[in-house]
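A.B. asks: Could you build all of it, start to finish, from the sequences and the hints given here?
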Amino acid sequence: MSGSWGVAAGVLGSLLGAVALLGSGLFAARATRAAALTTAEAQRAASEAAAEPQQRAADLAAFKEIRDGLDRRIERQERRIDSLTSLVRAFSWYVSELTGQMRQQSIEPPAPPPRVDEYNRTGV
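Numbering (the working numbering), first residue to last: 15 to 138.
Any given hint might turn out to be false.
Cβ pair distances, simulated, as ranges [as the list claims (entries may be wrong)]:
#1 D85 - V138: 22 to 30 Å
#2 E122 - D96: 28 to 36 Å
#3 A45 - A72: 37 to 45 Å
#4 Q57 - G37: 27 to 35 Å
#5 L29 - Q57: 52 to 60 Å
#6 L74 - R94: 26 to 34 Å
Treat the hints as calculated values from the structure; they're not laboratory data. We put the CB at the ideal spot given by N, CA and C, even for glycine.
C.D. replies: What follows is the structure, encoded as structure tokens:
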């Protein structure tokens, strides 16, 4: 009997060993999967953190480009306004000279347009 018990114990030991090996394999697989998920999450967070300065630099470059474009537009508008202001002043001087000459010849000039009359009254 001791021989059959020895064989039975060996078989039983092998089965228990196989079950233990299977259990430890499943545990290791679960742990590996959890570690892989954690690693993937950490890598994603690290890549987002690494990309943040690059994104900020790209945003800053885009902002500077927009600002420079607006500065150029404002500068062009200011030059245009200065040019038109100069033209209006020159035209106003010219009309004033013509009006003076008409009055010297006893010719009454026509009344100014309403907008000019308003400006003459209010200064605006």
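A.B. asks: Could you check the hint for me, namely that A45 and A72 are 37 to 45 Å apart, CB to CB?
C.D. replies: Holds, at about 40 Å.
A.B. asks: Should the hint that Q57 and G37 are 27 to 35 Å apart at their CB atoms be regarded as holding?
C.D. replies: holds, 30 Å
A.B. asks: Within 52 to 60 Å or not, the Cβ separation of L29 and Q57?
C.D. replies: Check failed, 41 Å falls outside 52 to 60 Å.
A.B. asks: Taking the CB of D85 and the CB of V138, does the distance hold inside 22 to 30 Å?
C.D. replies: Holds: the Cβ-Cβ distance is about 29 Å, inside 22 to 30 Å.
A.B. asks: For the hint 28 to 36 Å, verify it against the beta carbon of E122 and that of D96.
C.D. replies: holds, 35 Å
A.B. asks: Could one say that the CB atoms of L74 and R94 fall in the range 26 to 34 Å?
C.D. replies: Between L74 and R94, where Cβ atoms are some 30 Å apart, the hint holds.
The structure fails to meet hint 5 from the earlier list, while all remaining hints are met.
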